[in-house]
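Student: Add chain B to chain A, keeping to what the hints say.
Number of protein chains: 2
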Amino acid sequence: MAKKASKKAAKKSATKSAVKKPATKVAAKKATAKTGSSMGPVPVDSGRGATPFEIGKDLVTKFNAGKFEIDEIGHFSDAMVSCEGLGVGLEWRGRKAVDTKNADWYTKHKIHGASAEGPYVGSTGFSVKFNMDVEVKETGQRMAMMEIGVYTVKDGKIVREEFMYGTMKG
Amino acid sequence: MAKKASKKAAKKSATKSAVKKPATKVAAKKATAKTGSSMGPVPVDSGRGATPFEIGKDLVTKFNAGKFEIDEIGHFSDAMVSCEGLGVGLEWRGRKAVDTKNADWYTKHKIHGASAEGPYVGSTGFSVKFNMDVEVKETGQRMAMMEIGVYTVKDGKIVREEFMYGTMKG
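Which chain is which? The protein sequence lines are A and B, in order. The opening position of the first sequence corresponds to residue 17 in the working numbering, with each subsequent residue numbered one higher. The opening position of the second sequence corresponds to residue 17 in the working numbering, with each subsequent residue numbered one higher.
Next comes chain A alone, as it looks inside the complex (with noise of 0.2 Å):
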């Protein structure tokens, strides 16, 4: 690991002086690195562990058994952050804070119909198209929902979801 750690430190230093203005140390040296010019392409990916592939596949299969429970589907972590869209504007930050949304949004509608489709997968997340035929307990409205879930994945556990509300006619 010393060798590994201690080469990686040669490397950078040696690309350096080529790389002109670079944003951070970190961009500069996968730019380098990778591709050796800073007008190319550079790897970007969601880290270790799980892959966004898996972890969508496995998060749309659920979905569509009828498991929609954080606890059900699994792979996000503890520090995740939920971000609601359009309207709403607001990000939960941690599970417990998620928890208690999620708790709060089903005492208020009952879930009459749902599935997803997907995934949709990226290099850094996934994201899945959900379609929802929601009661509102209150006043009995029914509503049909669309709605896409973007997911960021890193190191294999879901660190972000954010959901971004259909603006269509039906």
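Heads up, a few of these hints could be off.
[Stated by the list, open to error] List of simulated lysine-lysine pairs, DSSO-like, C-alpha gap at most 27 Å: (1) K83/A - K185/B; (2) K153/A - K117/A; (3) K126/B - K185/A; (4) K170/B - K170/A; (5) K73/A - K185/B; (6) K78/A - K185/B; (7) K126/B - K83/B; (8) K185/A - K83/B.
Derived by calculation from the structure, the hints in this document are not laboratory data.
Tutor: Frame of chain A, contents of chain B only:
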């Protein structure tokens, strides 16, 4: 303005001691100023200027009118990052690099049909589902491409796009 800033500073100072182990000063300020609790949600947005809804709606409208190019769509920052997903795992950083990537793609592919569905609108950006009928020029192969584009908006400009690829069998 000076009075307002001073009031904010005083509020921050007064509530500071009530927050346990804030992750950052900004997070602590937001949490205490807006919710009074470190467990409650914190506001998040895309800054000033055009909103994710406005930009997303315009992008979808233009795309469905056959305007696929960055220059035709507008709204992109010169410092934009473009990330390609599953199986590619690369980011192009800066408008020049992204233009090179896109020109290369058009050299190799022909679009026979394309449609955009959305926008789906979050707090930090928006997403769009794309369906494309694409021909690989060299081989004549036709592909049905399904992907979700996830766009991050900051101060009225798209600063990042990540293309996430459909993995479902059609």
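Student: For each hint given before, does the structure comply? Return the numbers of the non-compliant ones in rising order.
Tutor: As far as the earlier hints go, only 3 is violated by this structure.
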